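> Given only the sequences and the hints, what does the whole structure look like? Please build it.
Protein sequence lines correspond, in order, to chains R and L.
Going left to right, the first sequence walks through residues 0 to 400 as numbering that gives the first Met the number 0 numbers them.
Going left to right, the second sequence walks through residues 0 to 572 as numbering that gives the first Met the number 0 numbers them.
It cannot be assumed that every hint is accurate.
Unchecked claim - Here are some, though not all, of the chain L residues that point toward chain R, as calculated from beta-carbon distances under 8 Å:
no., residue
1, Ala-205
2, Tyr-206
3, Lys-344
4, His-348
5, Glu-349
6, Ile-354
7, Ala-361
8, Ser-363
9, Met-371
10, Met-375
11, Leu-395
12, Leu-539
13, Ala-550
14, Val-561
No lab work stands behind these hints, which were simulated from the structure alone.
Model, not experiment: these values are computed from the prediction.
For each residue, glycine too, the CB sits at the ideal point set by N, CA and C.
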Amino acid sequence: MNSSRSSSGASLSPRSPSSSQPFLSVSVSDPVKLGNGVQAYISYRVITKTNFPEYQGPEKIVIRRYSDFVWLRDRLFEKYKGIFIPPIPEKSAVEKFRFSAEFIEMRRQALDVFVNRIASHHELRQSEDLRTFLQAEEETMERLRSHETGIFKKPSDLMQIFKDVQSKVSDVVLGKEKPVEESDAEYEKLKRYIFELENHLAEAQKHAYRLVKRHRELGQSLSDFGKAVKLLGASEGNALGKAFSELGMKSEILSVKLQKEAQELLMSFEEPLKDYVRAVQSIKATIAERANAFRRQCELAETMKLKEINLDKLMLIRSDKVAEAEREYHELKAESEQATKTFETIVKLMNEEIGRFQEQKTLDMGIAFHEFAKGQARLANGIADAWRSLLPKLEACSSSQ
Amino acid sequence: MMDSENHTTEEHLHPHPLSSSNDELENLNLHENNEHDSLLSTKSYSNYRSVMSTLSDSHNHPLSSPSFVSSADSDPLLSPPQHYREFTNPNSSDTSSYIDPPSYADAIFTSFDGETSSNGVDTPTRSSSDGIFFSRSSSSSEFLKITVSNPVKEQENSNSIVPGSSSYVTYLITTRTNIPEFGGSEFGVRRRFKDIVTLSDRLSEAYRGFFIPPRPDKSIVESQVMQKQEFVEQRRVALEKYLRRLADHPVIRKSDEFRVFLQVQGKLPLPTTTDVASRVLDGAAKLPKQLMGESLIAPSEVVQPAKGGRDLLRLFKELKQSMSNDWGGSKPLVVEEDKEFLAKKERVHELEQQINSASQQAESLVKAQQDMGETMGELGLAFIKLTKFENEEAVLDSQRVRAADMKGVATAAVKASRLFRELNSQTVKHLDTLHEYLGLMLAVHSAFTDRTSALLTVQTLLSELSSLQSRAEKLEAASSKIFGGDKTRSRKLEELQETIRATEDAKNVAIREYERIKENNRSELERLDRERQADFLNMLKGFVVNQVGYAEKIANVWTKVVEDTSGYAKEST
Chain R
0 MNSSRSSSGA SLSPRSPSSS QPFLSVSVSD PVKLGNGVQA YISYRVITKT NFPEYQGPEK
60 IVIRRYSDFV WLRDRLFEKY KGIFIPPIPE KSAVEKFRFS AEFIEMRRQA LDVFVNRIAS
120 HHELRQSEDL RTFLQAEEET MERLRSHETG IFKKPSDLMQ IFKDVQSKVS DVVLGKEKPV
180 EESDAEYEKL KRYIFELENH LAEAQKHAYR LVKRHRELGQ SLSDFGKAVK LLGASEGNAL
240 GKAFSELGMK SEILSVKLQK EAQELLMSFE EPLKDYVRAV QSIKATIAER ANAFRRQCEL
300 AETMKLKEIN LDKLMLIRSD KVAEAEREYH ELKAESEQAT KTFETIVKLM NEEIGRFQEQ
360 KTLDMGIAFH EFAKGQARLA NGIADAWRSL LPKLEACSSS Q
Chain L
0 MMDSENHTTE EHLHPHPLSS SNDELENLNL HENNEHDSLL STKSYSNYRS VMSTLSDSHN
60 HPLSSPSFVS SADSDPLLSP PQHYREFTNP NSSDTSSYID PPSYADAIFT SFDGETSSNG
120 VDTPTRSSSD GIFFSRSSSS SEFLKITVSN PVKEQENSNS IVPGSSSYVT YLITTRTNIP
180 EFGGSEFGVR RRFKDIVTLS DRLSEAYRGF FIPPRPDKSI VESQVMQKQE FVEQRRVALE
240 KYLRRLADHP VIRKSDEFRV FLQVQGKLPL PTTTDVASRV LDGAAKLPKQ LMGESLIAPS
300 EVVQPAKGGR DLLRLFKELK QSMSNDWGGS KPLVVEEDKE FLAKKERVHE LEQQINSASQ
360 QAESLVKAQQ DMGETMGELG LAFIKLTKFE NEEAVLDSQR VRAADMKGVA TAAVKASRLF
420 RELNSQTVKH LDTLHEYLGL MLAVHSAFTD RTSALLTVQT LLSELSSLQS RAEKLEAASS
480 KIFGGDKTRS RKLEELQETI RATEDAKNVA IREYERIKEN NRSELERLDR ERQADFLNML
540 KGFVVNQVGY AEKIANVWTK VVEDTSGYAK EST
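Below you can see the structure in the form of structure tokens.
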């Protein structure tokens, strides 16, 4: 429920450490490039302030890198099935972009948001893996990171699961009968919603990214135009020449404004949209988990039935295999109950999560829209002011003619 | 010329993404969109006004009838100064004084109005050169308005047994004027492209030294292409522009050639080739050409540069002359001594380069603005779809709230996109002035070339004269040695002296011509400077006013969204 996005992290209460209310606040900052050449990477400072008893102290600072965040996410995904794990920013495909100032800042911001969302989730914040992430020594972290044996080591694994779920959902949508699927109509609706939502969001994000590019291009062409006009002014000389020069200068000023706005747009509008897409993808992973759990529950139930029939048979003929079969049966029964419990937990959690997700997203997008509109208004006003200031000079030119 | 390019760019502004999903837009009460496209595609001023007034009004208009333009409360454009005030930031308390003088607002609107609205049937693609001509206040109240329309395919009426005689296109050239020399106020003729070429050729012969606007290019395309709608339309536009530029030239608009072209019905009564013999100048008599021995350059011929064919010998002589000018040790007898002219020429050359580069950057600026508008529109559309989706699928209230927020942004983005496109089509018109002047540079070069070749002719004649004279001297000296006279030599001497006299006359004519051209160059340069200053100033004003106006409108659109979403504003720490 608590979903503020301030960079110092969310918590149930004000920051005062002496408050009796439990709080956990995290910040990700100070990106530093370490290493050389191909091995180079960025490290971040992660500062934790908390009064949770399980933690080592009121404040702790550790150094973490991107793959540590990935580790945290994977662990949470394994442990907290049913909960929508906050998404992390993607690895950058383009090598030379990897160390640009803008990219580093964007990533830092996204990682900060990531950790804070975990810290403000009433279940996730209790996670032991979170504690490890926030407190462990660097060497420990390194060891854990390289010994990662979770099923979801690579993004490609996640991708595979998405694809499976996608095909299963489309099968359901197309009406193909698949035996081992839930028949919850509301849940089906939700799945369809999630899949379609991703498409819509991806398109919006694509256009948002293009809009950033357009700002940069317009800025560039204004700069070039300004230069050319200034030269023309120099050729003309006299009052008109001056007017041209002024126009050229304004043009160049506006070019700078546009470049700045482009960066703003990228960070405050396009990035939240991307984040939204990632969040939806995370939900899809949870959907896959739920499908797995359901299948497992069904399989175990089936197997248990068979074992039961077999056991009855054996009991009838007073076989000496009865004891063993009975043991196996009870084992299976326990497993089956466990699987059912797992599945039901996932269902319950998902129901809660969906509400939380929608509210979170309304807030996130509200902020993004606000910033977007602010930026555009700011830019337009800046443009109007700059050009307007030229008008008296132009007026003076024509009256002197 | 870049003009046609610009127009095609403008056309491409219009099949924009929104037009394909109009039904979706309808659902969100953006009926305006549909209408605006059709309005915008005719670029006449009255539609510009109606679009502007619609945007200032937040409610939906009954857009189907054009009468909404006249509805008093919604059309601030009826009184330009009021409308211009709209351009200012409504929040600023000090409405700067420069806004109030109506002349300023007029400057914006007259440059797009001109006589478009009064001209009954306006051509769908308006010539952007109108912008220059109507904003520059002409001293006299004379006007000469030309329209090119109604292309018609006609057959070459040949007495041909051969089937499939070639066809060509004629255009209706309508003129409206109050210039007395025309002896009429409104008339029309049909002309074909060939006639334009003829007109252009005759003008460049008759008006050497003047900056004559260059005619549209001949096209080396197949006859099939020639017939195509697009090609014909492009050509019509180009012809109209050309004729309007001619009409704007203070000297050429009064020329016989031009008048005859515009007025005389039927076949164009201008010679189709350079017919030197029929040109009688200053009462110079036609002199016999001696085919053997010395060839004469007839005075009437010297007023034209040497061309191929009959003028071969003259060409050769002038070439020899120019070479000796360049490489010979001796200075030619008349040099381009006008340092002022040389300086001006250099300046013109430099100016041309700057205009060229500014014109190129203007094109990419326009493209960037267009792209911005397009992408903004696409973004808006994507959000509209998303809004619809969320509304349809909403299970929770938070979804509905989000959908409502999103709709605000989407609507704003769509509006902003439209504003960008309008801004851009206006920008194109303004910055087109740069392209226009580039075209004019060709005319300037041509005029300078006239001067150079006239000078060359003079130089050639002078050295011809001097060599004839030295021959005469030699002959005289030789014959005087013989007592009693040398009949053969005397006769030769007489002939030679006749030749000298003829050459003298020719030289005088050539010098007069050269001086005339020099004077034309000078007065034209003055006119160029004057008009260019005025035109460029208007261009700057128009461009800037436009930018200000639209930027303010766009700011308003987004400010509303800022207010609507102010609940989400980050709390300041």
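> Against this structure, judge whether each hint is valid.
Quick rundown of the hints versus the structure:
1. Ala-205: violated (32 Å)
2. Tyr-206: This interface hint is violated because 27 Å lies over the 8 Å limit.
3. Lys-344: violated (14 Å)
4. His-348: This interface hint is violated because 10 Å lies over the 8 Å limit.
5. Glu-349: holds (5 Å)
6. Ile-354: For L/Ile-354, the interface hint holds, since the closest Cβ of chain R sits about 6 Å away, which is under 8 Å.
7. Ala-361: holds (6 Å)
8. Ser-363: Result: holds, 5 Å to nearest chain R Cβ.
9. Met-371: With a minimum Cβ separation of about 5 Å from chain R (threshold 8 Å), the hint on L/Met-371 holds.
10. Met-375: Interface hint status for L/Met-375: holds (6 Å vs cutoff 8 Å).
11. Leu-395: Holds - the Cβ of L/Leu-395 comes within 8 Å of chain R, reaching about 5 Å at its closest.
12. Leu-539: holds (6 Å)
13. Ala-550: holds (4 Å)
14. Val-561: With a closest approach of 5 Å, the L/Val-561 hint holds.
Against the hints set out earlier in the document, violations occur for numbers 1, 2, 3 and 4.
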